[in-house]
Amino acid sequence: MKRIFLLCAVAVAIMWTIAETTLPSRTDEHGRTVLTWSTDQNPARRGQLAPFASQNPDISVMVEPNSFDRTIVQCATGVGPDIIEIYSTQDMVAYVQAGILLDLTEYAREMGFGPESTYPRLVGNLMYEGRQYRYPANAASQVLIYNKRIFDEAGVPYPTDGMLWDDFIELAKPLTVESPDGRGHDRFALVMGQDYVKDLLLQFGASFFDETKTRCTIDSPQALAAMEFYRDLIRVHRLIPSPSAAESLSAAGGWGHGEIRWFASEKAACIWGSRWMMVIFRQYPELHPHLGVVTLPRLPGGTSASYSGTRGPGINAASERIPESLEFLRYLASPEYAEVIAMSSDGLPPLAEYADEPERLLNPAYPTEDFQEVFVESMRFAEPLETSPFVDPVFVASRVWIDCMDTIANGIASPEEALRLAARQIDQRIERNVRERPDLRELYEAAR
Amino acid sequence: MPPNDRTTLLSPRGARWLCGYLLLCFGAFAMALPFVWMLLGSFKTRAEAEDPSFVPRVWQPENYAIVLRMAPDKVTGELLEEVRFGRFYFNSVFTTLAIALVQVLSCAMAAYAFGRIRWRGRDNLFFLYLATLMVPGVVLMIPNFETMVHLGMVDTYAGLVLPQAFAGAAMGTFLLRQFMLTIPPSLDEAAAIDGASHWRIFWDVILPLARTGLVTLGIFAILVNYQSFFWPLVLLKTRELFTLPVGLLFLDTSYGKQTELILAATVMSTLPLIVVFVAAQKAIVRGIQLGAVKG
Numbered sequence: 001m002k003r004i005f006l007l008c009a010v011a012v013a014i015m016w017t018i019a020e021t022t023l024p025s026r027t028d029e030h031g032r033t034v035l036t037w038s039t040d041q042n043p044a045r046r047g048q049l050a051p052f053a054s055q056n057p058d059i060s061v062m063v064e065p066n067s068f069d070r071t072i073v074q075c076a077t078g079v080g081p082d083i084i085e086i087y088s089t090q091d092m093v094a095y096v097q098a099g100i101l102l103d104l105t106e107y108a109r110e111m112g113f114g115p116e117s118t119y120p121r122l123v124g125n126l127m128y129e130g131r132q133y134r135y136p137a138n139a140a141s142q143v144l145i146y147n148k149r150i151f152d153e154a155g156v157p158y159p160t161d162g163m164l165w166d167d168f169i170e171l172a173k174p175l176t177v178e179s180p181d182g183r184g185h186d187r188f189a190l191v192m193g194q195d196y197v198k199d200l201l202l203q204f205g206a207s208f209f210d211e212t213k214t215r216c217t218i219d220s221p222q223a224l225a226a227m228e229f230y231r232d233l234i235r236v237h238r239l240i241p242s243p244s245a246a247e248s249l250s251a252a253g254g255w256g257h258g259e260i261r262w263f264a265s266e267k268a269a270c271i272w273g274s275r276w277m278m279v280i281f282r283q284y285p286e287l288h289p290h291l292g293v294v295t296l297p298r299l300p301g302g303t304s305a306s307y308s309g310t311r312g313p314g315i316n317a318a319s320e321r322i323p324e325s326l327e328f329l330r331y332l333a334s335p336e337y338a339e340v341i342a343m344s345s346d347g348l349p350p351l352a353e354y355a356d357e358p359e360r361l362l363n364p365a366y367p368t369e370d371f372q373e374v375f376v377e378s379m380r381f382a383e384p385l386e387t388s389p390f391v392d393p394v395f396v397a398s399r400v401w402i403d404c405m406d407t408i409a410n411g412i413a414s415p416e417e418a419l420r421l422a423a424r425q426i427d428q429r430i431e432r433n434v435r436e437r438p439d440l441r442e443l444y445e446a447a448r
Numbered sequence: 449m450p451p452n453d454r455t456t457l458l459s460p461r462g463a464r465w466l467c468g469y470l471l472l473c474f475g476a477f478a479m480a481l482p483f484v485w486m487l488l489g490s491f492k493t494r495a496e497a498e499d500p501s502f503v504p505r506v507w508q509p510e511n512y513a514i515v516l517r518m519a520p521d522k523v524t525g526e527l528l529e530e531v532r533f534g535r536f537y538f539n540s541v542f543t544t545l546a547i548a549l550v551q552v553l554s555c556a557m558a559a560y561a562f563g564r565i566r567w568r569g570r571d572n573l574f575f576l577y578l579a580t581l582m583v584p585g586v587v588l589m590i591p592n593f594e595t596m597v598h599l600g601m602v603d604t605y606a607g608l609v610l611p612q613a614f615a616g617a618a619m620g621t622f623l624l625r626q627f628m629l630t631i632p633p634s635l636d637e638a639a640a641i642d643g644a645s646h647w648r649i650f651w652d653v654i655l656p657l658a659r660t661g662l663v664t665l666g667i668f669a670i671l672v673n674y675q676s677f678f679w680p681l682v683l684l685k686t687r688e689l690f691t692l693p694v695g696l697l698f699l700d701t702s703y704g705k706q707t708e709l710i711l712a713a714t715v716m717s718t719l720p721l722i723v724v725f726v727a728a729q730k731a732i733v734r735g736i737q738l739g740a741v742k743g
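Chains as they are written, first to last, in our numbering: chain S, 1 to 448; chain B, 449 to 743.
Keep in mind that the hints were calculated from the coordinates and are not lab data. You can take every hint at face value.
In the EDC-like style, the derived pairs of lysine to aspartate or glutamate whose C-alpha atoms are separated by at most 20 Å in a straight line are:
id	chain 1	residue 1	chain 2	residue 2
1	B	Lys522	S	Glu286
2	S	Lys198	S	Asp232
3	B	Lys685	S	Asp69
4	S	Lys267	B	Glu496
5	S	Lys2	B	Asp652
6	S	Lys267	B	Asp499
Using the sequences plus the hints, can you model the full thing?
Encoded structure:
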């Protein structure tokens with residue numbers, strides 16, 4: 001027995017020695033300052049960092065895996081990354097409320113990466129209670145991307161910019177095709193990720209909170225109309241797959257939204273998407289040349305509204321390399337970085353000046369992407385997602401809203417019941433937070 | 449027990465036997481289906497990778513070479529620079545073995561103390577020790593990480609191995625204690641009469657007799673820790689330290705999920721577990737039964 005343990009211990013010791021001796025040096029061999037950037041492990045980051053490296057030869061950026069929970073744990077113990085990639089407004093607010101993010105307002109004003117340098121419709125995604133906490137690495141608003149080949153084969157005319165919903169529904173109905181055995185569908189007219197269903201709330205004039213942010217208004221008549229419309233798109237007009245149909249055919253989760261795969265596999269004629277999806281569609285050479293883009297369908301008298309979004313880093317308030325981290329954010333507001341984003345199609349470049357010359361967004365290597373002005377146009381109708389200081393935005397967006405949509409889409413509850421329940425849950429959480437935190441109570445009383 | 453004569457298949461006993469085996473075959477088929485889909489999916493192209501179809505329309509065995517950086521990606525035409533699959537594999541195997549070794553040793557010693565030595569408060573302390581099983585791991589995440597920070601073990605192999613090795617201590621100690629309780633105490637007494645110390649009794653008498661339990665615990669430790677994801681994700685920053693579950697995140701980014709490569713990598717990752725499970729399935733079943741029978 002002793003011999004076995006001894007042999008195992010020796011084997012582990014040998015492997016440990018090999019592992020340790022083959023590790024690269026932790027300190028930069030050129031004596032550069034090493035910034036850690038927590039972001040998704042995207043190979044494109046190399047290209048995006050190249051101009052920064054040449055402009056800042058004394059700074060090296062090391063990419064780390066990104067995860068909300070990971071960042072919270074590391075920052076709570078003082079060893080978080082210097083630069084934290086933030087993918088949603090609700091995550092940003094959660095980080096701010098946890099005291100993790102550095103207030104960038106004064107720095108941004110001095111160094112030129114303030115909100116005035118980016119799209120006005122994106123500013124709300126960078127700010128919390130009037131202070132700036134991140135800068136966009138890209139900008140996104142939603143458009144309708146469609147497959148021309150499917151439309152041609154079905155003999156259906158292409159959708160146009162800002163079509164009325166009624167017209168789009170009639171146009172798109174023939175594009176949903178049942179399976180020959182009648183048990184399912186071979187194709188749907190439209191796929192729409194769960195994140196983007198909120199855009200319908202915007203189009204119908206609904207909002208998550210009232211003006212004071214003290215009460216949830218997701219059960220308003222406008223929100224009800226929006227969710228009934230969503231339910232009808234699934235169950236009455238059959239343009240969008242039901243969640244069960246979608247789950248049976250897609251591998252969703254993580255970055256690989258099932259809807260993107262559906263559309264890329266030509267199981268959907270249209271996708272409610274954004275410019276960053278072009279990066280993925282370029283990987284499908286049989287699909288890519290047949291793509292068209294128009295602004296979203298709209299209600300009569302309404303606009304092609306959608307919630308704006310951004311992948312935007314903030315700085316860890318406890319970082320020991322704040323000046324270098326600020327230089328990184330200044331780089332994001334530079335023309336060099338904007339050009340990299342423009343050519344790679346990873347969303348819109350953060351610099352608003354590209355809105356004046358959409359032709360600068362066209363990558364000559366992909367001449368069929370001659371619809372860049374549509375992405376810029378869609379940003380004109382975009383709005384930032386509203387949040388309330390009295391409730392955890394992740395709770396609202398990731399739990400309550402997802403549950404609400406699931407029950408509506410699966411027909412478990414009527415839109416009215418689901419929305420009433422969601423509003424009640426959010427209001428109860430607001431009440432609980434206000435009751436348990438005196439600082440919030442003061443703010444709450446003042447707001448009301 | 450199968451019937452001896454083919455004609456008895458028509459008898460009630462034979463029919464029951466046949467039905468039982470058909471049911472088991474169906475269950476085995478249902479369990480194996482996802483693995484079969486995973487294996488076949490690892491040979492698909494990216495466009496086809498998430499189709500529900502089993503058999504690829506276009507076979508692409510190069511997926512394995514792409515993951516191992518021996519061939520460029522079919523779509524981008526570039527090698528996967530970020531995916532150091534061999535290194536991730538080595539880290540996973542090495543850390544899993546290290547964790548299993550430390551866990552088996554430490555749990556064996558604790559089990560000996562709780563099972564073979566009589567001392568005041570032993571049983572109460574053991575119940576308290578077992579009560580730690582009720583604390584969810586996520587609750588301990590920040591305190592454990594803070595301990596690693598103070599000990600300077602963040603982004604190190606030691607930080608990867610030691611907390612994980614002791615994380616399953618209560619369950620492992622309980623398992624081995626149950627094994628050790630089946631060993632007659634007269635053996636300890638005889639060794640003590642001959643002048644053996646507790647340490648001697650532990651190493652030379654008890655451990656050899658508890659070999660089955662040790663193997664069972666070791667296998668459980670391997671099966672659980674090989675797939676550990678969240679702790680390595682939180683602890684590690686340097687790519688060369690990543691284990692397989694964390695390293696495969698490189699294949700799922702905002703530039704798209706490379707499902708066919710993830711499936712190929714997962715097939716290769718799962719091989720050690722399948723080998724361990726097939727080789728030691730009796731020990732695993734025995735370990736699961738142990739707590740149920742002895743209680």
